[in-house]
Amino acid sequence: MAFKPEQISIMDSIIARYPRKRSAIMPLLHYVQSIDGYVTNEGIELIGEKLELATAEVTAVSTFYTQYKSKPVGEYHVGICTNTLCAVMGGDMIFDAVKEHLGIENDGVTNDGKVSVEHIECNAACDYAPVVMVNWEFYDNQTVQSVKDLVDGARNGNPPAPTRGPKTLRTWKQNSAVLAGISDGLANEGLQAGEPTLLGLKKVKGGA
Amino acid sequence: MSKLTPVLSAHWDEADSFTIAGYKRNGGYSAVAKALAMAPDELIQLVKDSGLRGRGGAGFPTGSKWGFIPQGDNKEHYFVVNADESEPGTCKDTPLMMANPHVLIEGVIIGSYAIRANYAFIYIRGEVTHVVRRVQQAIEDAYAAGLLGKNILGKGFDLELVLHVGAGAYICGEETALLDSLEGFRGQPRLRPPFPAIAGLYAKPTVVNNVESVASVPAIVNNGVAWFNAMGTEKSKGFTLYSLSGHVNNPGQFEAPLGITLRELLEISGGVRSGHKLKFWTPGGSSTPIFTDAHLDVPLDYEGVSAAGSMLGTKALQIFDETTCVVRAVLRWTEFYKHESCGKCTPCREGTWWLVQVLKDLEAGKGTEADLDKLLDLCDNIMGRSFCALADGAASPIISSLKYFRQEYLDHLSAGRCPFDPIASTLFATAGAK
Numbered sequence: 182m183a184f185k186p187e188q189i190s191i192m193d194s195i196i197a198r199y200p201r202k203r204s205a206i207m208p209l210l211h212y213v214q215s216i217d218g219y220v221t222n223e224g225i226e227l228i229g230e231k232l233e234l235a236t237a238e239v240t241a242v243s244t245f246y247t248q249y250k251s252k253p254v255g256e257y258h259v260g261i262c263t264n265t266l267c268a269v270m271g272g273d274m275i276f277d278a279v280k281e282h283l284g285i286e287n288d289g290v291t292n293d294g295k296v297s298v299e300h301i302e303c304n305a306a307c308d309y310a311p312v313v314m315v316n317w318e319f320y321d322n323q324t325v326q327s328v329k330d331l332v333d334g335a336r337n338g339n340p341p342a343p344t345r346g347p348k349t350l351r352t353w354k355q356n357s358a359v360l361a362g363i364s365d366g367l368a369n370e371g372l373q374a375g376e377p378t379l380l381g382l383k384k385v386k387g388g389a
Numbered sequence: 008m009s010k011l012t013p014v015l016s017a018h019w020d021e022a023d024s025f026t027i028a029g030y031k032r033n034g035g036y037s038a039v040a041k042a043l044a045m046a047p048d049e050l051i052q053l054v055k056d057s058g059l060r061g062r063g064g065a066g067f068p069t070g071s072k073w074g075f076i077p078q079g080d081n082k083e084h085y086f087v088v089n090a091d092e093s094e095p096g097t098c099k100d101t102p103l104m105m106a107n108p109h110v111l112i113e114g115v116i117i118g119s120y121a122i123r124a125n126y127a128f129i130y131i132r133g134e135v136t137h138v139v140r141r142v143q144q145a146i147e148d149a150y151a152a153g154l155l156g157k158n159i160l161g162k163g164f165d166l167e168l169v170l171h172v173g174a175g176a177y178i179c180g181e182e183t184a185l186l187d188s189l190e191g192f193r194g195q196p197r198l199r200p201p202f203p204a205i206a207g208l209y210a211k212p213t214v215v216n217n218v219e220s221v222a223s224v225p226a227i228v229n230n231g232v233a234w235f236n237a238m239g240t241e242k243s244k245g246f247t248l249y250s251l252s253g254h255v256n257n258p259g260q261f262e263a264p265l266g267i268t269l270r271e272l273l274e275i276s277g278g279v280r281s282g283h284k285l286k287f288w289t290p291g292g293s294s295t296p297i298f299t300d301a302h303l304d305v306p307l308d309y310e311g312v313s314a315a316g317s318m319l320g321t322k323a324l325q326i327f328d329e330t331t332c333v334v335r336a337v338l339r340w341t342e343f344y345k346h347e348s349c350g351k352c353t354p355c356r357e358g359t360w361w362l363v364q365v366l367k368d369l370e371a372g373k374g375t376e377a378d379l380d381k382l383l384d385l386c387d388n389i390m391g392r393s394f395c396a397l398a399d400g401a402a403s404p405i406i407s408s409l410k411y412f413r414q415e416y417l418d419h420l421s422a423g424r425c426p427f428d429p430i431a432s433t434l435f436a437t438a439g440a441k
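Residue numbers (my numbering), protein chains in the order written: chain A, 182 to 389; chain B, 8 to 441.
Chain B with its partners taken away, still in its complex shape (with noise of 0.2 Å):
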């Protein structure tokens, strides 16, 4: 078991891991305290050597993205939290702020202090009302415990942090659709460059991380690049939460140093389902390219995946038997895309709805051989001609199946229907009503 590696996850077996009295009682708030005795521009250069780099699934490095923001240029800067958890399969951001939303607002005390913002805010999903309640709390909390506010700690740091409660947009998530969103907006991505470094909130330097990606940084301000250097590989650095879901014995959270694979954790957690063996399964939520039982040992580290023709995404394994259709799988996803769709690019907002149109045909058992390559060429027309990394997230379930599994679309086409009984699939079919 030595494999894992809990950090974020250290405390959360204590019943008052989200107090700001458990989360002290840990040694929480003391890298704040180290941190504001630092310059900033040192900080940026420890986030920077620490290799760590974004956990909301692009793996842009953290210290970089500080390190954009213009110095010296007397404008107000922001730094936001992208807590819009909503990519399918994921789960790791709402567990960590239920459990500890204090290390959260410490890394967003450390990380505003280091690119020189004075206003601070936290978009979380707004389907999530116990977690929005955690770290409101901790918010308020943090105010009185003279952590947030004016003079922060005596030490003539200012920061103002906020709560701002999404409504149900998947396409938020999306950093600059999220600011719009913060703006006042219809949630809808802009045209790069101009990057939120340079003009991002009320179009000033702004810089947007994951939740994840923040609260990693108290642990390393406290123990330093060399410690976080020693856990993953090359160019993935530190630890990181892996979600594991779907059937599996045992579904849940698991940290550990990137570079573990599939294989790994499944032996650590107790296995695909029992009397079943796995068929196809994400790497990294919805949006990243499926991979199938020949991907066990791919190292799950930013490199690894993307050398074997996916992504490491947000690190949510879902993991499906054979019991499960991968036509009927990525039908329910393209529904997803088609639905969260902002429909401000013309090619994902037809494109989607063609492809669902297609699918369900497909997925009746009607429809042709030929419909299989007007779903590819579908996807050729959606990926990359849009604003957003939305449409490219529609084709992968797409591609990625019909690359793996192009025969179980064909057996659909010639039983005249879908060859599977849901049934089968389900928890109930094994385990009986809990």
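If we strip away everything but chain A, and leave its shape as in the complex, we get (with noise of 0.2 Å):
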């Protein structure tokens, strides 16, 4: 879609943060993805005519990370961690059941364009596996059967709060401008820390 002069204004301010502009690829990809939903030609256009680059230099930059992406994915993107700790704890299971209850494979999104799954690699929450994220918010400690109800919950528009993260859960397009650097005021929402961050502090007051 075309982008709206208020939004160029924005991309704009992004770029201002950077001594070179060249710095700004990336979160001027985020703020695509968290307008159109992924990258789309058009973005891929905009950002190069803004950093006076080759869309071709732009698009080679955007297919090198697994974050930006190429086609649409779901309003709440479901990564499942299958690295080894995560996958032996049942990180494999989750996957393989969440493929099967929503019909749709790694990379799919299902008909309604409401979940998209993909498994992911270990996103530093090891204390917490199995670990699953959505819109790269944390749920911490899942099962098989508390992430069919997340996704099922997802697709009937109330999913579950993360874990550790704001009270609502946020879509793909709104958390992608987070990622832009656009602060949504939601940072004092949630948990400080959860239990296992906690526990060897509380260990030496006694508590645990």
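These aren't lab readings, by the way, just hints derived from the structure by calculation. Since the model is a prediction, treat every value here as computed from it, not as a measurement. You may find that some hints are simply not true.
Claimed, not checked - Here are some, though not all, of the chain B residues that point toward chain A, as calculated from beta-carbon distances under 8 Å:
{"id": "1", "residue": "141"}
{"id": "2", "residue": "205"}
{"id": "3", "residue": "340"}
{"id": "4", "residue": "409"}
Claimed, not checked - Heads up, incomplete: computed chain A residues facing chain B, CB under 8 Å, no partners named:
{"id": "5", "residue": "206"}
{"id": "6", "residue": "207"}
{"id": "7", "residue": "249"}
{"id": "8", "residue": "251"}
{"id": "9", "residue": "252"}
{"id": "10", "residue": "269"}
{"id": "11", "residue": "314"}
{"id": "12", "residue": "367"}
{"id": "13", "residue": "377"}
Note that beta-carbon positions come from the ideal geometry of N, C-alpha and C, so glycine has one too.
Bring the two chains, given one by one in their own frames, into a single complex with the hints.
Next up, the structure:
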């Protein structure tokens, strides 16, 4: 879609963060995803224009990083960790069960456009394994049933809240704006730390 | 329980620990006032004297890294935080930034002042939206409090700090790939020398430090070298975060002096999953050669782990019990390295692909004993033959698992399949659905 003037001025403000404008390419790609849902040709052309780069150069960067999508994902993009530790502890079972439950393959999207599924690599929450991310929010200590409930809720427009995150799960596009560095004012919501994070401290204080 | 030493984690149990008010209530930002009253070189010397070593894996002395930045060169200097935590098993910087982003920002201000940088970046992984929110908010609040921007605390020091969000590439945790990524290119490692201290971001002198390293600096400034040196071992000073995960009763973060052992950490935390026994573990993420139950008393400091044949790495202690197939574990890690190889160097790009092919056959009970030697031969042609350490990391689990568990590979061949039941290793097998 065509970009609105206010969106273009946000892009200018992103570029202004950096000493050299080419550095803005990654937040600009996140920003394009917040508008279009994925990296569209129009987005690539506009970024190229803004940064004085050929579209091939922008595409070369975009295709290097797995978070930039070349086709639409669901409103709720579900990433299931299948790196060794999560896989062994149940991630493989969760991944297989959810694909079957939704009738889609890896990188697939449900027909209603609500949910997509991708197996992901280690997401830095191994003490909460098995871990699932939705729109890159934490869903800790998951089971096959909890993730089925999660995707069913998402399809009905009523997903459960992240374990460590805002009170309500935001959409893929909304969270893409956060990744572009545009605040949504939700930083103060949610826990400061989950139980495993606090375990060592509690042992010292004698509370666990 | 006296073995644990919560410093970074000391106030994580307070509900507002991530806010500027919560941080200041516990003495936050007092170190920056102290630091800005010192000469930059004094600060570099202080960090050198403390013996603080990089907590991101390599263990390089932080103060020396700062000291390598040429002074009086009339060039811009840059201070960059590596917050691209992605090494499998590693989960310390992410909860740190979620629970207390301000301690990182305070460390950035001090580090930037010491190396005479007026521009700093935090390069954070892109798959952690809520952590991005917390760090972004913390930066905005620090600006509003006069701790970032022009003339910080009226001391004449200017610093711009930008949060840069990655997009899902493990390789960007390698410092030169991170810099290429931050410059707006594909994240691919550079040939060194020149090192970033001479030609880093935009070819200007640059320090790249791990989150935990930078976050450790305010406490050192406040409490001094003697306090820091009282913790740890002869060459590995101070406290650090150990992350315990996998088949243990209570996974989590444990802040302790360097040199604690896995046996001690298991005793403190509640041990290996009940009814099971330790089979193998990583001392510092998947790129560090695995250990077995013979290594429970290895001191977990840089020298101790190295002497026992592995690396301290990120102190990501991934614990696997006897229900886990080591071949499956190694195959999965190898698939990760193949996926994350940036493709720049042929030995890594092609080699990791072949490693996966051979391991897949072995896990399925196909192939022959000669394939085990082929794996080692491939590793030999990958290790040390690429620009960065990703390739070395790919070889580590293979070589070490063949060293300790060769028979288990052979058991796959004689059975014609994997002899393990994957259900038995899941949490659901014992705990049931939560």
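Here's how the hints hold up against the structure:
no.: 1; hint: 141; result: 5 Å, holds
no.: 2; hint: 205; result: 18 Å, violated
no.: 3; hint: 340; result: 5 Å, holds
no.: 4; hint: 409; result: 17 Å, violated
no.: 5; hint: 206; result: 4 Å, holds
no.: 6; hint: 207; result: 6 Å, holds
no.: 7; hint: 249; result: 6 Å, holds
no.: 8; hint: 251; result: 13 Å, violated
no.: 9; hint: 252; result: 16 Å, violated
no.: 10; hint: 269; result: 5 Å, holds
no.: 11; hint: 314; result: 6 Å, holds
no.: 12; hint: 367; result: 6 Å, holds
no.: 13; hint: 377; result: 4 Å, holds
When held up to the earlier numbered hints, the structure conflicts with 2, 4, 8 and 9 and fits the remainder.
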